[in-house]
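Trainee: Here are the chains, one letter per residue:
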Amino acid sequence: MADDVSHNSRRGLLLVSPPFLTTLVLLAGPLGAIILFSFWTQDYLTLNTDFTIKNYVEAAQDPIYGLLLGRSLLVAGAVTLLTVITAFPVAYFISFHVKPSRKSLWLFLITIPFWTSYLIRVFLWKVVLGFNGVINSGLIEVGIIDAPITFILYNLNAVIITLAHAFAPFAILPIFVALEKIDRALLEASRDLGETRVATFFRVTLPLAMPGLVAATLIVFIPVIGDYITPRLVGGPGGLMIANMIQTQFLKLNNAPMGAALAVISMVAVTVIATLFVWLNRRFLKVRS
Amino acid sequence: MRAYTWAYLIFLYAPIVLLPLFAFNDSTTIAFPLQGFTTKWFVQLPTIPALTSSVWTSVKIASITAVLSTILGVCAARAAVRYRFIGKRPIMGLIMLPLVLPEIIVAVSLLVVFLQLGLSIGSWSVIAGHTLICMPFAISILNSSFQNIDPALEEASLDLGETRVSTFYRVTLPLIWPGLIASLLISFTISLDEFIIAFFLSSTEPTLPVYLWSQLRFPTKLPVVMALGTLLVCLSILLLALAETLRRRGLRKAGQSTEGGFL
Chain A
1 MADDVSHNSR RGLLLVSPPF LTTLVLLAGP LGAIILFSFW TQDYLTLNTD
51 FTIKNYVEAA QDPIYGLLLG RSLLVAGAVT LLTVITAFPV AYFISFHVKP
101 SRKSLWLFLI TIPFWTSYLI RVFLWKVVLG FNGVINSGLI EVGIIDAPIT
151 FILYNLNAVI ITLAHAFAPF AILPIFVALE KIDRALLEAS RDLGETRVAT
201 FFRVTLPLAM PGLVAATLIV FIPVIGDYIT PRLVGGPGGL MIANMIQTQF
251 LKLNNAPMGA ALAVISMVAV TVIATLFVWL NRRFLKVRS
Chain B
1 MRAYTWAYLI FLYAPIVLLP LFAFNDSTTI AFPLQGFTTK WFVQLPTIPA
51 LTSSVWTSVK IASITAVLST ILGVCAARAA VRYRFIGKRP IMGLIMLPLV
101 LPEIIVAVSL LVVFLQLGLS IGSWSVIAGH TLICMPFAIS ILNSSFQNID
151 PALEEASLDL GETRVSTFYR VTLPLIWPGL IASLLISFTI SLDEFIIAFF
201 LSSTEPTLPV YLWSQLRFPT KLPVVMALGT LLVCLSILLL ALAETLRRRG
251 LRKAGQSTEG GFL
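Just so you know, the protein sequences line up as chains A and B, in that order. Its first residue numbered 1, the first sequence is counted upward by one per residue in this note's numbering. Its first residue numbered 1, the second sequence is counted upward by one per residue in this note's numbering.
Think about it this way: if two alpha-carbon atoms lie no more than 25 Å apart in a straight line, the pair counts; the simulated BS3-like pairs of lysine-lysine are:
no.	chain 1	residue 1	chain 2	residue 2
1	A	K181	A	K103
2	B	K40	A	K126
3	A	K252	A	K54
4	B	K221	A	K126
Source of the hints: derived by calculation from the structure; they are not laboratory data.
Extracted from the complex, chain B is given alone in its bound form (with noise of 0.2 Å):
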């Protein structure tokens, strides 16, 4: 059993392992067998403003979808773990709905809205449908952060004197930062990885998914997007690693054990 999920891992970073392979490959084809060694297609990526720009709007959008749905997911996780409402569980479970919604019923449904109020589309648009998504995904990272405080804590900080205010910033913003990072990295990381809302609302301004989409319709430029492509994936495993590392760290702090993992 061993041997079969070592083969399992294999399976699931066999086509990741080529994108490297391929972006230092000196060809213009992406085949075997491999023609020797080049940075040329790293060299011409800052060269090509349409894809420098869409850079910044990725960047742009990810940065204000991960402050927002980690912000509304602060909120969500909060009520969700200490308070018992009416309505809680309908609440949550609409919330929580586009984790299992496909995403181009996201995606359509909000186009359709937009257009019809009028409102032209944009990075705004892109980002709602962004925060959208990202908000389930920030609530379960939070869920666990806000599980792991002892409520005798924030109690005692009221007892004490302090405010509803001063108790959150004082007690409870250090004790959830870790999950909090955890959550604007995730949340980041997503959006700047995601297709198809970006591909129905982005309109004249490109995400980087979205200019990839349009450049593999040209076999000549495959070489600058396995390089493209190379950084991306670096970028997102470090974001990942570092999210994975306060995570865990949050959870050793509150005396948790480390197991399971994101989702």
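Chain A with its partners taken away, still in its complex shape (with noise of 0.2 Å):
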């Protein structure tokens, strides 16, 4: 019996090994790599490869790199919230008012922007609140406004909408998904206790909810802080963000230790924040993702 386990573990191991080994090659090594990189430095081409903490030293000694990490949490931040707050409604009429026949259809609708170019979309925000703009040119036309509002374009409000534009279905499929695993007795069992509709969805509904909640706040979270297209194309000067940064160091000051220290240090930072929020989350509202 013994055997047929080891025997059955062996085979699984063999079977993951292609996949797990492509992983380690192509994520595991280069992430070690990076952190390397960031202790060492570079003079246009050449690479000293001593040790050194200098790259951490100036991060965080010149006011640009933590004014861009402060600029890419916040942004990331205000993303989540507005995100997590809009989807929520719609992954809930999915969940409880929609006819289960029909609720892959609207997944299916609300995933199809998704998968179009992101490019593209982050473009098409750019040409809808630009100057000349959809937005705009169409209030100038209707005549509600006589010359184009501009803060709506190349500063952080522009980055915030097309942001959480881009990850709606990101934050909507977890809340969905959570929302199907409650049991509809439960709410049943409460509203027959006495509890009225806004009670039961605050008591029951919500802290049963919170798994998704929670998933919908890191998927969104964590990929926003490395986004570089659109505060690159809507942002404007006061809109970049530290991907930017760091691509500008490999790419353009031809600085990679610098752009690797920067990579490091906006990971641990995202690392630091999602793990607090989890554990205040297990803390206070005893969720278990």
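Reassemble the complex: the two chains are provided individually, in unrelated frames, and hints are given to aid placement.
Mentor: This is the structure:
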């Protein structure tokens, strides 16, 4: 019997090894290399492989890096909050008010925009929000405004709107899955025992949906930190984020070690915040995700 | 709440609806009011050599990526569904990690390693990066395919004298093929549309999104970009609809309900 188990285990390991090795070579190795790299320095094209924390010191001292990282975290936080709050009613509607046979059609409709070219979607927001864009030319045509409004493009508002649009399905799907898992009998029980609809929602539905909300928060927050296209296209000079600086260090300034250090700092910041968030949820809301 | 959901859908689709509107608009500026109908932007598309060559690069990269990530996905999904082995959770966790990792991190870390090893980057390095990020999607689709197979069917085949290999081809494969095709199509679509990794790793052979990016700076090129975008979005939607139909057919075949989406 024990032999059978180890035989089974070997077969499983053998089967998982091609994808596992691929990930080791293409992901774990390179991530390790980035960390190593961040402790090196580069002068134009010559790489100095002496161990130093110079890059981290520079990142801490030059205010531009702190500013960009802080802005990235702020934008990611705002986008996450906006996306999760606006996505919740949509997920709730599909889970509770759509006929079971129609649910997958609704989910399909929501995911389609996500699968179309991200680059084109972001660019289209530039067209929508621009100085001569759809909103401005439309409003002038109708006569609501005389001159184009400018607070909607090339600033953080534009970045947040565009990212909230791009990450909507990421927020809707985990919340939907959590809502689907809720035993409907619990809601009936709550109503039968005299709770109002509102109280049932806050005392039964919402706590049970928390794992979905936590998953949605993380799955939106983490990739937004690394976004580079949206700030570049619609952010203007005041809307650039840490990923733009990483790209500049690597491709324009030929300072890969500094770029690596910034990448490591962003990863650490994201991990710390995500861990803290999950911990707070477990601690105070007794959520297990 | 129905009204809110519809409004949300309109918000989701609003930018995409504008795409064909301006692609057929007879004006070089992208603004309202529309100036009349034209197909000249579409006619111009095949006459731009840099564009057509980037299309072929993209199709080549996306096809190879789709095949590689689906094959690797089959291995991982099969192992995850059918076997228990040491370190299963951390191993599967690492394989699924690119799903939540910012793409720029994947892109720069691969760039650093390839350059340090003295490898000249090109289409192959884009394929490597794309395979890495497509694999988790392939696995989540194939997981449900494998979960729907009754292990008794494979056992019966083995008991009746088929080898493991012939059992895979004659029993397992026919049962998972809708998932297999769905995984190929999804991986193809992701690779076709992916920009950041391609931008860092493509070097002198730009993919279609990288070419598009270079054109966004020139206002006079925008209508052509709109036309190209329209075609790209139509292709993506077509591939997805096909993948979704196949996925549902597969689930019905296995006697499962067809609720839920891809992710």
